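Number of protein chains: 2
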Amino acid sequence: MKKQTKAAITPTRVENYPEWYQEVIKHSDLADRSPVRGCMVIKPWGYAIWENIKQVLDNMFKDAGVKNAYFPLFIPLSFLEKEAEHVEGFAKECAVVTHHRLEKGPDGGLVPAGRLNEPLIVRPTSETIIGDSFSRWVGSYRDLPVLINQWANVVRWEMRTRMFLRTSEFLWQEGHTAHATRDEAIERAGMMLDIYEKLAEEYLAIPVIKGRKTPSERFPGAVDTMCIEAMMQDRKALQAGTSHFLGQNFAKASGIKFQSAEEKEEYAWTTSWGVSTRLIGGLIMTHSDDDGIILPPKIASSHVVLLPIIRKLKDRPKVMEFTESLARELKEKFYGLRRVEVEIDDRDIGGARGWDWIKKGIPLRVEIGPRDIAENSVFVGRRDQEHNNKISLKKNYFVAEITTILDEIQKNLFERAVLFKRQHTVKIDETGRFKEFFTPENSEKSEIHGGFVLSHWCGSDECESRIKEDLSVTIRCIPFDIENEKRKCVYCGQPGANQVVFAKAY
Amino acid sequence: MKKQTKAAITPTRVENYPEWYQEVIKHSDLADRSPVRGCMVIKPWGYAIWENIKQVLDNMFKDAGVKNAYFPLFIPLSFLEKEAEHVEGFAKECAVVTHHRLEKGPDGGLVPAGRLNEPLIVRPTSETIIGDSFSRWVGSYRDLPVLINQWANVVRWEMRTRMFLRTSEFLWQEGHTAHATRDEAIERAGMMLDIYEKLAEEYLAIPVIKGRKTPSERFPGAVDTMCIEAMMQDRKALQAGTSHFLGQNFAKASGIKFQSAEEKEEYAWTTSWGVSTRLIGGLIMTHSDDDGIILPPKIASSHVVLLPIIRKLKDRPKVMEFTESLARELKEKFYGLRRVEVEIDDRDIGGARGWDWIKKGIPLRVEIGPRDIAENSVFVGRRDQEHNNKISLKKNYFVAEITTILDEIQKNLFERAVLFKRQHTVKIDETGRFKEFFTPENSEKSEIHGGFVLSHWCGSDECESRIKEDLSVTIRCIPFDIENEKRKCVYCGQPGANQVVFAKAY
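These protein sequence lines map, in sequence, to chains S and A.
Going letter by letter, the first sequence gives residues 1 to 506 in the numbering used here.
Going letter by letter, the second sequence gives residues 1001 to 1506 in the numbering used here.
Just to be clear, a hint being listed does not mean it is correct.
[As the list claims (entries may be wrong)] Selected chain S positions facing chain A (Cβ under 10 angstroms, derived; list incomplete): (1) 40; (2) 45; (3) 46; (4) 67; (5) 80; (6) 113; (7) 119; (8) 136; (9) 478.
[Unchecked claim] Restricting the straight-line Cα-Cα distance to at most 25 angstroms, the calculated cross-link-like pairs of lysine to any residue (SDA-like) are: (10) S:62 x A:1390; (11) S:67 x A:1331; (12) A:1104 x S:67; (13) A:1092 x S:115; (14) S:26 x A:1150; (15) S:333 x A:1059; (16) S:67 x A:1325; (17) S:67 x A:1352.
[Unchecked claim] Okay, the calculated beta carbon distance ranges per label pair: (18) A:1337 x S:26: 33 to 41 angstroms; (19) S:26 x A:1194: 32 to 40 angstroms; (20) A:1111 x S:408: 57 to 65 angstroms; (21) S:411 x A:1408: 29 to 37 angstroms; (22) S:321 x A:1078: 45 to 53 angstroms.
Derived from the structure by calculation, the hints contain no laboratory data.
From a predicted model like this one, the values you see are computed outputs, not experimental measurements.
Note that beta-carbon positions come from the ideal geometry of N, C-alpha and C, so glycine has one too.
Next comes chain S alone, as it looks inside the complex:
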């Protein structure tokens, strides 16, 4: 009866995109819900991706002169209040520590006790607490620049959460720098955004648009917020990383002052920049299909799984010996900075075994049976191709070529994503078409519609918020790579408007 090809994930993307996303995470074994509201458990298969992202970024940061440090988890309320826009931006989503012990309550159960004189906020970001350190570290222009990064957990008490994309607690890095001049700070913010672009495109295989946010979308307290924006498979935008030029706002709030070469006291110019475990959400939504996730080899949790096929018990020693020797040979090889990672799965569970690894998105599956061994061959399936499209390769050739094959998969995934983004990016000048583009075609509201629209915008907050209200569409960024010609605003018709990127977004 079940003749037609069924997908491994139910529902499929077209059937129900948000639910498909949750199911992909579950079946790929990336993460789990937790009993703590809005917090997730990152399982080993998902955490390994984060470890690989960390390694890649950390190397790039260190090459850019940035050093790692660690600052307190807790921020005294009075610190957060130092920058008015900043506290305003985060007040609604703060986890607040008010007590420092537990004691028996009237009912016999434990209740909070030992009230703190000043409430502590679990850091939603660390500008104010790191600014305090900078104010003590910096005295003279000779102490500048200060280039610091921290790998940390942060908490933002979001009302609506979604695994990886928006969780109450998430993991991230936050870079914080202080400079003697405005230009140097601006240059640094741009340099770090370039590193994020490189991470996204060359490692995560996610094409991005670089640009700057409109004033209403800026980081609370920033003078300028730059970002990379990616397109998901439901054609919505995902902000994948941000880099902020903070001017002297936080330097004034925290008292980061220095004596200049001309012996004048001046405030420093600061920046901050971050990416988070949200990138893994972006990875899933960019590369997964209806059979589960597809991991780009450069950041994959592992590269290749060996699946020994043992139909008769007597074949077992020979097949396992071949499998283990192949594993050893593969592990000798380097792919990028790390060694090729190899899994062996000898569970006797039939076809479910192959599907498990398809759903987990491992780049290569290698079947090894007695017949393959007789021919010194292996039977190889690539996760970026149809799952039945397996080919027999001579073992020695496979070992010699594995990094080339992995590179091909990496390249293929990126090119697919570039094509998808190009297909769903349009230029629109006409208001009617603009509205139509962002409105689902059928009577039922489909999750998959729209895309990126390059249109002109007058620059007014009012016009921007009307678009948001009417269509649930935001300006993702004013791209750096912009069409110079000024035209009429696509919504209000005012002339002299600049081109921006509109989209629905996560």
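Take the given structure of chain S and dock chain A to it, following the hints.
Chain A in isolation, oriented as in the chain S frame:
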């Protein structure tokens, strides 16, 4: 006037040990106080040590089959309460989150708002929250063992804090495993303790005693707590790492059940084990002298600093060219798994420059002046030797031999520490001598006295707590490497007592 050799750190160890410790941290640039009570800022020079420790441990964990994951920062109060001894042990030092936003209060300032239905505890350790995940991950004996580690921050609201040794927030790893049998869990706890011993002795150059805690010193909820104990330079003990066999206590509390091969439902057997940034405190107290810290090369923040000596401006290009070319050559070499790390300090600040690096504890200082260059030589000072004891080496020889020299320093530091520990470890059978040993000799209370005492103890809690009250001395552990002969208890005289290690402790 100041003819006598002055130490770089004031006060010296003998003058005031606790203050010396704080000053070493300050002058070595390892860490800073923070405005948050009991929390510290780990500066780049200190954080690099932690990164190296992490790398070494992480590799050993992975080789032992352990995988990394990440669990929520917050633990619902009801979870902590699941294991009675456990919550009892941590109730007095919990940071409690009670609200999830801030709003304008009656005075116009921001106050906590949005009270949570159930208070959340900032994790002091994660047995209960990880146990919840395990209960969902484990169904059958085939799912076991589960071998998980997490790198995380934890919070224990200590009343008296001291940088690195005892801070309200600290960084650590916590391993958690679940097994089908008691024996396998016990074996795992021992295996992880062996890894801690290897880390301490082979990398941190800190000799340790392995043993088990007495019942009163066990981790709250554990059946057995094993530990490594180290001796600091004030002869006090530092618990440097612990590994717990938790029996079925936490499995019962969290419902970690599995179907055995015989199709019976059974509770799993669990372990947990951890080391923290406290190790850096142990490192300071083991290896520093009155001139600052001395970093063991294997975990040093950096290996060698090049100090170009430029007396005349015209010499600068030549000296810097030689210096930079030497740096490149050194960076080509591997020391352990990482490359040799090199700093160049060309600040024009006279003798203070060399002292800065002595205080920071870098293993090798290399002076490079025009005369050295003429002879193709470098002038090398080792941090484990007198600071004036520098020798001229041919540059090529120095480059060729650098890893050998670093290994010598590593070995030398460990041997010194072994000798120190041996010198201050005594066997005592007589009560009077036991009391005397732990009592300062002079009328003023010296910080440096005592050491480790191998004595026999009857096994009673009462006797143990009397010793603690009378002398501020605790049983550090019942060593694995024990003298079999049973004797009289050193304090109460009861016969048939086993040998244990007594000491004052951090």
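Hints versus structure:
no., hint, verdict
1, 40, "holds (8 angstroms)"
2, 45, "holds (9 angstroms)"
3, 46, "holds (8 angstroms)"
4, 67, "holds (4 angstroms)"
5, 80, "holds (8 angstroms)"
6, 113, "holds (8 angstroms)"
7, 119, "holds (5 angstroms)"
8, 136, "holds (7 angstroms)"
9, 478, "violated (32 angstroms)"
10, S:62 x A:1390, "violated (32 angstroms)"
11, S:67 x A:1331, "holds (18 angstroms)"
12, A:1104 x S:67, "violated (38 angstroms)"
13, A:1092 x S:115, "holds (13 angstroms)"
14, S:26 x A:1150, "holds (20 angstroms)"
15, S:333 x A:1059, "holds (18 angstroms)"
16, S:67 x A:1325, "holds (23 angstroms)"
17, S:67 x A:1352, "holds (23 angstroms)"
18, A:1337 x S:26: 33 to 41 angstroms, "holds (36 angstroms)"
19, S:26 x A:1194: 32 to 40 angstroms, "holds (37 angstroms)"
20, A:1111 x S:408: 57 to 65 angstroms, "holds (58 angstroms)"
21, S:411 x A:1408: 29 to 37 angstroms, "violated (48 angstroms)"
22, S:321 x A:1078: 45 to 53 angstroms, "holds (52 angstroms)"
Violated hints, in rising order: 9, 10, 12 and 21; the structure is consistent with all others.
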